[in-house]
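Starting from the known structure of chain A, fit chain B onto it as the hints suggest.
Number of protein chains: 2
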Amino acid sequence: MFVTPQSMRFEAPLSLQSGASIRDYTLAYETYGTLNPERSNAVLICHALNASHHVAGSYEGQPRSEGWWDNMIGPGKPVDTDHFFVIGINNLGSCFGSTGPMHANPETGRIYGADFPVVTVEDWVDAQALLLDALGIERLAAVMGGSLGGMQALSWTLRHPERVAHAVVIASAPNLNAENIAFNEVARRAIVTDPDFHGGHFYEHGTVPGRGLRIARMIGHITYLSDDVMNEKFGRQLREGIDLKYSTQDIEFQIESYLRYQGDKFSEYFDANTYLLITRALDYFDPARAFEGNLARALAVASAKFLLVSFSTDWRFSPARSREIVRALLENRRDVSYAEIDAPHGHDAFLLDDARYLNVVRAYFERISLGLARSPA
Amino acid sequence: MFVTPQSMRFEAPLSLQSGASIRDYTLAYETYGTLNPERSNAVLICHALNASHHVAGSYEGQPRSEGWWDNMIGPGKPVDTDHFFVIGINNLGSCFGSTGPMHANPETGRIYGADFPVVTVEDWVDAQALLLDALGIERLAAVMGGSLGGMQALSWTLRHPERVAHAVVIASAPNLNAENIAFNEVARRAIVTDPDFHGGHFYEHGTVPGRGLRIARMIGHITYLSDDVMNEKFGRQLREGIDLKYSTQDIEFQIESYLRYQGDKFSEYFDANTYLLITRALDYFDPARAFEGNLARALAVASAKFLLVSFSTDWRFSPARSREIVRALLENRRDVSYAEIDAPHGHDAFLLDDARYLNVVRAYFERISLGLARSPA
Chain A
97 MFVTPQSMRF EAPLSLQSGA SIRDYTLAYE TYGTLNPERS NAVLICHALN ASHHVAGSYE
157 GQPRSEGWWD NMIGPGKPVD TDHFFVIGIN NLGSCFGSTG PMHANPETGR IYGADFPVVT
217 VEDWVDAQAL LLDALGIERL AAVMGGSLGG MQALSWTLRH PERVAHAVVI ASAPNLNAEN
277 IAFNEVARRA IVTDPDFHGG HFYEHGTVPG RGLRIARMIG HITYLSDDVM NEKFGRQLRE
337 GIDLKYSTQD IEFQIESYLR YQGDKFSEYF DANTYLLITR ALDYFDPARA FEGNLARALA
397 VASAKFLLVS FSTDWRFSPA RSREIVRALL ENRRDVSYAE IDAPHGHDAF LLDDARYLNV
457 VRAYFERISL GLARSPA
Chain B
97 MFVTPQSMRF EAPLSLQSGA SIRDYTLAYE TYGTLNPERS NAVLICHALN ASHHVAGSYE
157 GQPRSEGWWD NMIGPGKPVD TDHFFVIGIN NLGSCFGSTG PMHANPETGR IYGADFPVVT
217 VEDWVDAQAL LLDALGIERL AAVMGGSLGG MQALSWTLRH PERVAHAVVI ASAPNLNAEN
277 IAFNEVARRA IVTDPDFHGG HFYEHGTVPG RGLRIARMIG HITYLSDDVM NEKFGRQLRE
337 GIDLKYSTQD IEFQIESYLR YQGDKFSEYF DANTYLLITR ALDYFDPARA FEGNLARALA
397 VASAKFLLVS FSTDWRFSPA RSREIVRALL ENRRDVSYAE IDAPHGHDAF LLDDARYLNV
457 VRAYFERISL GLARSPA
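If you're matching them up, the sequences are chains A and B in order.
The first sequence begins at 97 in the working numbering and counts up by one.
The second sequence begins at 97 in the working numbering and counts up by one.
A hint or two may mislead.
A pair counts as met if it fits within one copy or between any two copies, since identical chains are not told apart.
Simulated pairs of lysine to any residue, SDA-like, Cα-Cα distance not exceeding 25 Å [claimed, not checked]:
id : residue 1 : residue 2
1  : K361      : I347
2  : K341      : P109
3  : K329      : A384
4  : K361      : E258
5  : K341      : R119
6  : K361      : G295
7  : K329      : S414
8  : K341      : H297
9  : K329      : D449
10 : K329      : F98
11 : K361      : D292
12 : K341      : E388
13 : K329      : Y357
14 : K329      : A386
15 : K341      : D211
16 : K341      : A210
17 : K361      : L145
18 : K329      : L145
19 : K329      : G205
20 : K341      : V288
21 : K329      : W411
22 : K329      : E134
23 : K329      : P415
24 : K361      : A124
25 : K361      : H317
Quick caveat, the hints were computed from the structure, so don't treat them as lab data.
This is chain A alone, in the form it adopts within the complex (with noise of 0.2 Å):
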C-alpha cells in the first residue's frame, strides 16, 4: 500500500489548555482506505512520542519506509482499511510535518524553539477534531492508540464523547506515576543541561543537544524493554569474543552497544525541544485531577464502547493501570472489553506482532464492521 503524506493549515488561534494560543499552525496526516458515503467508517490513529502521522503503508520509491503500525493497519490487517478509512495526525508540537519548535512563530518571525506553546493531550486532541471537521468526519467508528496514543484516545472519549463510538486504548494508563514523571525528568534534565541546547534556541546556533537527546533515548528504551526481554536479548553477552577490555569507556557489553546505537540514531532525527514538549504531555495528562482524583467521575462522560490491551510485562505502563480504567469505566456501567497479553516483550508489546494481540484487535474491529453494515448513519 503506497501512502502520501497530506497536510493541512489552521489560520484561526487555537485555545490551549495552558490558556496561551497557537494560529496559523499546519498539521501533517495521512489516509488510508476510502470513506464510506455515510461517512461512519473513519478510525483515528493517535501516536506516542516518537512517532508520526505515517501509521501504516510505504512511500513509493522509498524501501523500508512502512508506517509504525503497518502490522496492525492496511487491508486485510486487524484494522482493515478495506473497511475502515484510517486517519493518522502528527501532533502539534511534534517534528515530523506539523507546526513544532522548529518553526517560525508568526508573531514574532523568529523560530520559536523553546517558546513553542506547552501543549496537552487535550490540546491534540482538539486540534485533531479540527481537523476532522474539515475532511468532514462528525463521528468517529473508531479511536485508537497505543501509549500515549491510548491515552488521547480515552481523552476523545471525555472531550467530545459524542464524536466517537469506540475507543481502542492499548499499554496505557489513566496517568503518569511518579517514576514514569521521574524518568521524564531525567530525560528533560540530560536535554536542557546539554550546552548545545542554548536554553531551547540551540537552531540559531546552529548546534543540536545531541548528548542530552542520546542520553533521553538511552533511558526510554530501557523502560521500554522487560527485565526478561532483555536478559533473553543481551543478557550478559560482551559485544566481542570472550575477553574482557578491563575499560570503563569502550563498549564491553551487547546492550551498551545497543543503547548506544538507539540513541546516536535518535539524535540524528529527533527535535530536542519536542521531546521536552512530548514527555511534558505525558506528565500533565490526567482527567482524574479536576475530580479529586477520581477515575471513575472523570470518565462518566464517555459513552463510547471500549477495548483495553495491557501486556503483563509492561512495567511502563504496566496492567493494573489499565486495569485502573477498566473499573472506572465498568463503575459507570460502560460496554468494556479488556485483554491482559502474556507477552514478554514489556512496553514495546503493543508495537510488535503477537498473534493473541493481533486477533483480539481484529475480532474487536470486525465487530465494530459488522455494526456498521447493520445501521446505516
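Structure of chain B alone, referenced to chain A:
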C-alpha cells in the same frame, strides 16, 4: 560513639584482575570496638557505590556526621561493637580518602584521572585482605555488605575461603543483569559526554562534569526506590500549590524537585571517574563466568556460613537474585540462612530501619558471638 579515620600506605604493587598493577597506594579505614586477644572477633564491612569507610559512629565536633550504617553497627546495635571489632575500608578508586583517580600516579607524577586502573570487586577484596594482614587479622568472624558491598562479601568467601567464618550478603546479586548494566551505561555516558569531563582529565582543566554526575545520580535514585514508595512519598504532588505552570523546564512535580536536589548534592561531593570505576566493577562482577555460568560450581570453594537478606520491592537486586545465590550454596550443602523482608522501600531498604530486618541481623550476629565465646581460637 566518636571515631577517627585512619589510613595505611602500601608500597608494594598490587596485581589487578585487568593485568595492570598499582603501587604506592593508601587505604582509608575506620575501626569500632576492640579486637579480642584471640583476634577472632573481627567483622569487615564492605561499602557500596557512594559510601565509604565511615560506616558507624560520628566525628567529634561534627554534628550529623554519623556513618552510613550507624543504625546497624555500634554498641548494643545488631552488629554489636561491644562484642565485635568492626572495620570499614574505603575501596581503591573511591573518593573518600583511599587512593583514587584524583590522586597523583607515582609512575608519572600526573593526576590519574581516567588513567586510574580499572578495579574489580576481586581487586578490592585483595586490597582489603592486605590491610587485614597489616592489622594482624588472619580470619574474619564475618564479612558483611549490602548491594555492591554484598558482592564483596560473597567474593571474600571465594578468594579467601579460609579467612571467613561467616558472610552476610544483603540486597545483592551474583552478577548484574542486562537492565542493571544498561542503567550503569546511561549514567556513564552522561558523565563521559559532559564537555567538562575532558576525557577524564578534568582536574587539570579546573572543571567538574557536574551535569553528567547529576544525571547519573538521578537515574541511580530512581532505581534505588520502589514504585510503591515513590507513589506514596511523591505521587503526582505538585511542588507549589495546585495550579499547573505549563512549563517544560520549571519544576512542576515534587518528584522532580527531589531528584534535582539529590543530583545537585551528589555532584558536589562525588568524583566522576570514581563513578565510572565503581559502576564498571559492578558490571564485571560475575563469579560464575569462569564456570560457564554455573554459580553452584563457582561457589563450591566457599566454606563460610551465610546469611542472605533481600527485600520484596527491590527491583534493582530483586529477591530472585538472592535466591540464586541461596540455591547455589544449598547445592553445595553450605549452611545458609535466608530472609526475604516484605518492605516497601526498594533497594534502599538495606540502609533503613526495619525492625524485622535489623532483628534478623542481630540474631545472626548473636549466634556468631556465642560461637566465639564457646570455641576460643
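Hint compliance check: list the failing hint numbers for this structure, sorted ascending. Going through the list in order, the structure violates hints 4, 10, 19 and 22 and respects the others.
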